[in-house]
Amino acid sequence: MEKKEKDFYERLEQKGVTRRDFMKYCTFMTATLGLNASFVSKVADVFAAPKERPPVIWLNFAECTGCAEGFLRSTYPWIDEIVLELINLEYQETIMAAAGHQAEESLKAAVKKHKGKFICITEGAIGTKYDGAYGKIGGRTFLDVANSVIPHAAATIALGSCASFGGIQAAKPNPGGFKGVGEALNVKTINIPGCPPNPVNLVGTIVNYLLLGKLPQLDAAGRPLFAYGRTIHDQCTRRGHFEAGEFVMEFGSKDAEKGWCLYTLGCRGPMTYNNCPTAKFNDGTSWPVQAGHPCIGCSEPNFWDAMSPFYEAM
Amino acid sequence: MGKRIVIDPITRIEGHLRIEVEVADGKVVNAWSSGQLFRGIEMILQGRDPRDAHHFVQRSCGVCTYVHALSSVRAVEDAVGVKIPENARLIRNLMHGAQYQHDHIVHFYHLHALDWVDIVSALKADPAATSKLTDNVSNSPWGGSNYYRNVQARLSTFVESGQLGPFQNAYWGHSAYKLPPEANLMAAAHYLEALRLQAKAARMHAVFGGKNPHPQSLVVGGVTSVADLSPERLAEFMYIWKETQEFIKNVYVPDLLAVASFYKDWGGIGGTTNFLSWGDFPQTDKEPDSHFLPRGFIKKRDLAKPLDADQQKVTEHVARGWYEKGDPKHPFEGETKPAHGEYQPDDGKYTWFKAPRYDGASCEVGPLARVLVAYSKGHKEVKATVDSVAKQLDIPVTALFSTLGRTAARGIETLVIGQQMEGWMNELIANVSKGDKKVYQRWEMPDEAMGYGLNDVPRGALGHWIKIKDKKIENYQYVVPSTWNLGPRCAEGTLGPVEEALIGTPVADPKQPLEVLRTVHSFDPCIACGIHVIDPHTNEVYKIRAT
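Protein chains in written order, with this note's numbering: chain A, 1440 to 1753; chain B, 18 to 564.
Honestly, I wouldn't trust all of these hints.
Sample of chain B residues at the chain A side, in silico, Cβ under 10 angstroms [claimed, not checked]: (1) V40; (2) Q185; (3) L251; (4) K408; (5) Q409.
Restricting the straight-line Cα-Cα distance to at most 25 angstroms, the calculated cross-link-like pairs of lysine to any residue (SDA-like) are [said to hold, decoys possible]: (6) A:K1554 with B:S178; (7) B:K366 with A:K1693; (8) A:K1611 with B:A466; (9) B:K455 with A:F1686; (10) B:K217 with B:R250; (11) A:K1693 with B:E249.
Beyond 10 angstroms from chain B on every Cβ pair, some chain A residues (computed) [stated by the list, open to error]: (12) T1457; (13) T1466; (14) F1467; (15) L1474; (16) L1654; (17) T1703; (18) H1732.
Source of the hints: derived by calculation from the structure; they are not laboratory data.
In this text, all values refer to a predicted model and were calculated from it rather than measured experimentally.
For each residue, glycine too, the CB sits at the ideal point set by N, CA and C.
Isolated chain A, as found in the complex:
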């Protein structure tokens, strides 16, 4: 075992994580990415000893910061490992120490230094009406800020449904003319939608990049196929009840307690592509259907209009 790797496992053990636990995680991540088992050790390498932490610039636009909060909930690797040991997070307004001029300087310097090499993660939509008057940072419109950063990125990840497709502020009547980042700038983005998305899918995309030196395969909506290749319905643990015609007719009922199908109460699982039933949220604790609530289709384009009213069956 190389020294660096040995150090890594020693560090893991100090934290109470065995090498076995770690390999289990790498196997999970490899499977999530849809890679074959021979990649498990390579995934482990990525976490054990990144050569140089790849620079990441994170931009916040019209959003609720739920996607950044979701990212903070990453449990393996833990968020402190991602920030201190896996990536070089050059700019992230929610956690960075610097503010005001010092923050703006950091952003400028990072773009210059890593031109063509950094990953840009964007959270939130961009207002396009009224010359972008509905959202500003340091006196510049979101569109200005985006234009000064994104064209220089190696790749841009639109994290969450707002950055991917415009999200809630783009729902009718879309007062500020909000658009997803790709559409607003006319650039190609890797879209990781969800409201918010599972951090596993962001980490998976980054690992894919570090591991294979390229971005994952995408569907027509720009979503990585490893996470968004199948519908919720196809992977749902309640699918058997759907096939058997066992439907919940009222929340809190005996049938709800038995975990029957929520189709009748408005579940959008059949038209929603995501890996919620298999990846689950918060370290595998649960997901909305498990909590007895229908899927609202939050990773589909335009879902606030297309999927609502949420409590009417399709």
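Once you have looked at the hints, place chain B on chain A.
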């Protein structure tokens, strides 16, 4: 006239905030708070199904997740006249309590601590002395020279890589940082531990809500997670709660007191005048009488005479916000027409925030307001904790009217609410073991109705007001904590609470206004929630003058 300083973006908050201050003789003499993002969620709600509103408004904020959804279902339940089952009330209290636990820990360590803790100084600390310090001030489960040597090595490796990430270009070495290197190292270590703890604490939401952020188990009439009322799930919740409580008791509160002991002068800086709390955590279906945290209004710092608080006395002013001219209105009549113009702090409009007033007064809301209202009403648990904190810091209770007091109040209520959650868990378990798993009450949507939901959420007093017509949303307004705290001057020129609090703040170096950040962050600003409008008459009357 003094020197003007603009801080934009204010980082380590939710959303886009610009703060401008005028400094003369080393002190802030004037201040302006400006919200920089407008999304228009209330307008988007018009004409939609009232049952869907909570999903929309929850997206006001992903940091204070859950709380808008809770206010929204309460407002609709008030309008349609449904009483939720006891188990639904208990699960909501537990989820809401969990949000307080999570949110306040993240605020203290990840949004606020770097205003007081110098990470670079931690590299100079003696690990053995740090271990000793930790043993003296807390029951932290992490300690020993080896532990601190490893944390320090980890930070050194990070710093030596030259890739400083979130820690670069900050105010390290500033003369206002007062902690010795060992206290800085202890706090830095706990900053990292708290990053993990918060990810674990958030699992409380996932147990009964499917996920966090933005749990998904609230519905008008109750909650949906009946299948999670199993012994394993209840035990899982308790287990996470217990681990979180231990952190709060043994690490968060001791750290708070240890750090505060070096910054006692901040007990005389950053205070405001009036305090409003709607109160929260109903313990029966009698509201607000059964609230664990009481409703009340404190006028001009008079703790001897807490007044009742009535939602009818709320108005919103638009004189200094980017809206068309209009008289102050109650949220039910809320009529708002955005009109973006120049940023004119001196005599014109300068923000997307409106200025809410209670009985005409500018009010601080949030942990300090809740703690003061509870204290003045003789709340047993709050009073005991406040008195104990004041004694340990050797400060009078009046020192709470300050930046230090605001930050201390947050820790005090985290502890008090966390302890109360145990009782709600036990009630829930008792019901389930009797075979009572009722979590939802059937109801009918009326053609026309109106109602409101008042909460007190981690950042302060929150109210949602809804009017329903033809079973659809006709009008929806919410007045949220950050609008109260970060709102601008009203027509009479009275400053908003953050603006008022900033007056008198010392600024040692105008190029590095660290002290300004301390007071701003002590309010835990959340901008996306604070700005949202609706025009009840038409869908598009905007007269935008782009800058």
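Now the hints, each set against the structure:
This hint is violated: V40 of chain B has a C-beta 14 angstroms from the nearest C-beta of chain A, more than the 10 angstroms allowed. Contact between Q185 of chain B and chain A, as hinted, is supported at the beta carbon level, the nearest pair being about 6 angstroms apart and thus within 10 angstroms. Proximity of L251 of chain B to chain A is violated relative to the hint, the smallest CB-CB distance being about 14 angstroms (cut-off 10 angstroms). Annotation: K408 of chain B was flagged as interfacial toward chain A, and the flag is violated, the nearest CB pair being 33 angstroms apart, outside 10 angstroms.
Of the supplied interface hints, the one on Q409 of chain B is violated, with its beta-carbon coming no nearer than about 28 angstroms to a beta-carbon of chain A, more than 10 angstroms. A hinted pair counts as satisfied when its Cα atoms are at most 25 angstroms apart, and K1554 of chain A with S178 of chain B qualifies at roughly 19 angstroms. For the hint pairing K366 of chain B with K1693 of chain A, the CA-to-CA distance comes to about 56 angstroms; that exceeds 25 angstroms, so the pair is violated. Under the criterion of a C-alpha separation no larger than 25 angstroms, the hint pairing K1611 of chain A with A466 of chain B is consistent with the structure, at around 24 angstroms.
Using a Cα cut-off of 25 angstroms, the hinted pair K455 of chain B and F1686 of chain A holds, with the two alpha carbons roughly 19 angstroms apart. For the suggested pair K217 of chain B and R250 of chain B, the alpha carbons sit about 15 angstroms apart, so the restraint of at most 25 angstroms is met. About 19 angstroms separates the Cα atoms of K1693 of chain A and E249 of chain B, which keeps this hinted pair within 25 angstroms; it holds. Listed as outside the interface, T1457 of chain A is consistent with that label: its C-beta sits roughly 17 angstroms from the nearest C-beta of chain B, beyond the 10 angstroms cut-off.
No Cβ of chain B approaches the Cβ of T1466 of chain A within 10 angstroms, the least distance being about 21 angstroms, so the stated non-interface status holds. For F1467 of chain A, the shortest C-beta to C-beta distance to chain B comes to about 17 angstroms, beyond the 10 angstroms cut-off, and the non-interface label holds. The beta carbon of L1474 of chain A is kept farther than 10 angstroms from every beta carbon of chain B, the shortest such distance being approximately 25 angstroms. The claim that L1654 of chain A is not at the interface with chain B holds, since no C-beta of that chain comes within 10 angstroms of its own (minimum 22 angstroms).
Every C-beta of chain B lies more than 10 angstroms from that of T1703 of chain A, the closest at about 14 angstroms, which supports listing it as non-interface. Interface exclusion of H1732 of chain A from chain B breaks down, the closest Cβ pair being 4 angstroms apart, not more than 10 angstroms.
When held up to the earlier numbered hints, the structure conflicts with 1, 3, 4, 5, 7, 18 and fits the remainder.
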